[in-house]
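Assemble the whole structure, with the sequences as input and the hints as a guide.
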Amino acid sequence: MAEQGASNDVERVAKQAPGSQGRLSTSEGRSSRRISRVSYKEDWANLDEYGKLVKYVSTYREGGHDDEGGTEEEVKRVWYAPWKKRKVRVKHLDQDGAQFPDDWLLTDIHQGLSSGEVTNRRRRAGWNELVSEKENPIAKILSYFRGPILYVMELAVLLAAGLDDWIDFGVIIGILCLNAAVGWYQEKQAADVVASLKGDIAMRSIVIRDGREQEILARELVPGDVIIIGDGQVVPADSRIICDVNDPNGWEEFKTMQHQGDLGSSSESDIEEAEDDTKEKNKEGSDDKPHKPKKRGYPLLACDHSAITGESLAVDRYMGEMIYYTTGCKRGKAYAVVQTSAKLSFVGRTASMVQAAQGAGHFEKVMDNIGTSLLILVMAWILAAWIGGFFRHIPIASPREQTLLHYTLALLIVGVPVGLPVVTTTTMAVGAAYLAKKKAIVQKLTAIESLAGVDVLCSDKTGTLTANKLSIRNPYVAEGVDVDWMFAVAVLASSHNIDSLDPIDKVTILSLRQYPKAREILRRGWKTEKFQPFDPVSKRIVTIASCDGFRYTCTKGAPKAVLQLTNCSKQTADLYKAKAQEFAHRGFRSLGVAVQKEGEDWTLLGMLPMFDPPREDTAQTIHEAQNLGISVKMLTGDALAIAKETCKMLALGTKVYNSDKLIHGGLSGAMAGDLVEKADGFAEVFPEHKYQVVQMLQDRGHLTAMTGDGVNDAPSLKKSDCGIAVEGATEAAQSASDIVFLEPGLSTIIDSIKVARQIFHRMKAYIQYRIALCLHLEIYLVTSMIIINETIRVELVVFLALFADLATVAVAYDNASFELRPVQWQLPKIWFISCLLGLLLAMGTWVVRGSMFLPSGGVIQNWGSIQEVIFLEVALTENWLIFITRGADTWPSIHLVTAILGVDVLATIFCLFGWFTNQTMPTNPVDKFVETTNGWTDIVTVVRIWGYSLGVTIVIALVYFMLNKFKWLDDLGREKRNKGDLKIENLLGHLARLTVEYDRPGQPPARFYLAAPKEEEEVE
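Read left to right, the sequence shown gives residues 0 to 1019 (numbering that gives the first Met the number 0).
Simulated from the structure, these hints should not be mistaken for laboratory data. Fair warning: this is a prediction, and the values are worked out from it, not measured in the lab. It is possible that some hints are incorrect.
[Unchecked claim] No more than 25 Å apart at the CA atoms, straight line, and that leaves these computed lysine-lysine pairs for BS3-like:
(1) 753 / 964
(2) 254 / 332
(3) 647 / 677
(4) 505 / 538
(5) 364 / 660
(6) 364 / 332
(7) 342 / 139
(8) 516 / 538
(9) 647 / 660
(10) 443 / 538
Structure below.
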């Protein structure tokens, strides 16, 4: 009693503190209270002993911290000397304190904020959006000069300057700047296309402003805005729940309960409380449970907190509690007041902490792998050149002759493809823009790589495989029930928000056109007291409504769930089940309808059969997907018979199983994995089943794409390798997906997979081409130096590198074919083919050079410049190589042909007029070729070089064609995706069925037992 009296005294004193009324929660067992330091300042002289003590506790900070926040030591580089580091103290604002005045955080739900007040608050709060850290424009441009490959080119710039080779110095810098400019322009152009369409899927919110409802972009919200949150929507900002939208007295009750301190805390500790609530539900026999804040009546909302807490079940939210930015609302509809902006929200602060810790994606790792390998290779060739140079007594440095440093400069230029990072990245960016024009919004570029490699597509049924055009066929009406009364009850048990009707509710309401008497029933003055949207657990919709002084509870939902409510006779139940089975075999989705009059039992009214016809192109699209090596699996919440009938209509297969096989089927880990791999679909699935299917397929090495449209699909969309939000998806599904489709149907998805594979093919073709070019010149330059003491002049080598980049600028816009199977990088295959192509190119160049030692001049006319002849042959054969690696399934685009022909003409002009080759380079042994004194080359010689280069290209094309016929080479580096470790899978499946039995009186603590019977364990 003494303790209770003391507690009451503390509560009374806290309530009487100046300015604190309506702000402090007085729940028993909660020892900490938040005191705003923004809205009021207390005068210490006016506080009593306990008031000063509370003030001290609330404002105390550890040493080294100020009143506004804490400071931490961070190491930063000095801007004028990046190699120096300095320790600085950085102030961090106290995020747990109030960011905005208290009078901002409570607004009349009927009036909302005025337009002028919104403008004033936005000046302080900013836009309600999470933006990635703004990149300095200068830093963005400099990023195109960073990377292993680019560092080597920058080293070549320094080396050219050290050798006083200012022509090479300028050209190399020009190459670097050209690549940066092209990369920046193409990425910006592609990003603008994607951004223009992303506005179509931007998060929106319904807000009360100036006394009326408005729909605005979520980024326009400010603290204090009154918003309306309903099922299927994403919470646009951290907000506090006020009351149900259908409760006319909710606002007054909220103010009264807040004044009395009876509401739950609005702090972020609600997240932990929600987790504790889940744990407490599972506890039994505990006498000392912590006291929770007082809840007001029934939960107003149920939110998906899986992205924050990892809890898969929906968390009930009551009056006065917080709902959090980006979480999805699963049930209910309520008013809420925005408490803070996105960047200061719980999710926003977490995102800012992990933003700097993001690692490189798979694509970046592949590029780094290739770049590093090329660097190692060029260093090996430089070492070989230096060893050969010492053997030939070539000086390291000399002002008037070719030296080892000149050889090193030439190898550095040709050994690293400076355009490789830019061309591959811009190819994906341009591809993303192309997909955007096809109504597929790519949320991140790496999703293109994932989409191209997908080999299993898990698709929902409604709207993707079917047309999502529901119609109600002849209903089943229970004996003694009026059909008009049944349809009236079905409409009562529907959402009445005509602006955003669910397809099932919409077809139910529109069916009243055929039942005018049902419309008359609804005109009798019905009043909805409570509406509970569809619950995926109970699989029902419930409405409590009153009319003529009687209260009715109306429900519609899955036939099995509705039948369990009633106490009908066995004969009626059997007939009802038989009808449900009959409808299912005909491919109809059925809805049971029942009603309960106040004080009476539930009455079974009947069943509404709904038919959703398959899309006209679905069967053909599924056949096409299977030809592309993609296994399509249907995951639906419909009954097993309906799922099987739908699969028959679509020629998808008949291996469709109930979702109980996944969790409660008693299968071992390996057997469950086999079941998922071989199944054509699953029926009666819940969100956790979708998640489990994705996880099992990924454990088997499959790249899985998952389609979804609802907030319940968000976890599986996030888990999959490529999450696909289909047309009409909720904001929660869109935010969790990698690609958002704005058009319905499976054909749109399959077309996008083809486009992704085409993009992937362009990147692989360019990488093969560029590696072969590097090896070509490395082999020729080093061997020519060692064998005949000659090399191509550095100036010409620089222009060869420039021409190679100019010619392939248009690769991103080239026509491309696509593989008929899921793509993989297959780096061993890329390296094998590239090395062979580089060797063949080097042999072709050596044939030209070696024939010049013959008296006749060999394969070309014996008159001109050796340097220019070799330069032109190398330029032509290298430029035309891209026509080989790109494949012969499609004609090259006009962009690519124009770019390559333009470079070829430029290289020919170089050869004709002998630019940069006015010096002879004597060889050992001496060749028989007649050099011109001015470096010019005869037009006949040029024509012969073109003809010879064409012949070399044809030979290489034939070799490339033959290589692609070898099965072993086609599979080189390809990982098998259907292999699993059976022992590990069995072990994990065994552990998954372990259940913990908590402490109970008279039993040992924490005993483990298997949920499966002993016989099943022996079978395993």
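Status of the hints after comparison with the structure:
1. The suggested pairing of residue 753 with residue 964 holds, with an alpha-carbon distance near 23 Å, which does not exceed 25 Å.
2. Proposed proximity of residue 254 and residue 332 is supported: the alpha carbons are some 19 Å apart, at most 25 Å.
3. Taking the CA atoms of residue 647 and residue 677, the gap is near 16 Å; set against the 25 Å cutoff, the hint holds.
4. Distance hint between residue 505 and residue 538 is fulfilled; the C-alpha atoms sit about 18 Å from each other, no more than 25 Å.
5. For the hint linking residue 364 to residue 660, the alpha-carbon distance of about 39 Å lies beyond 25 Å, and the restraint is violated.
6. Using a Cα cut-off of 25 Å, the hinted pair residue 364 and residue 332 is violated, with the two alpha carbons roughly 46 Å apart.
7. This hinted pair checks out: residue 342 and residue 139 have alpha carbons roughly 23 Å apart, not beyond 25 Å.
8. For the suggested pair residue 516 and residue 538, the alpha carbons sit about 28 Å apart, so the restraint of at most 25 Å is broken.
9. Of the supplied pair hints, the one linking residue 647 and residue 660 holds, its CA atoms being roughly 21 Å apart against a limit of 25 Å.
10. For the proposed pair residue 443 and residue 538, the alpha carbon gap of about 35 Å is over 25 Å, so the pair is violated.
Hints 5, 6, 8, 10, counting from the list given before, are not met by this structure.
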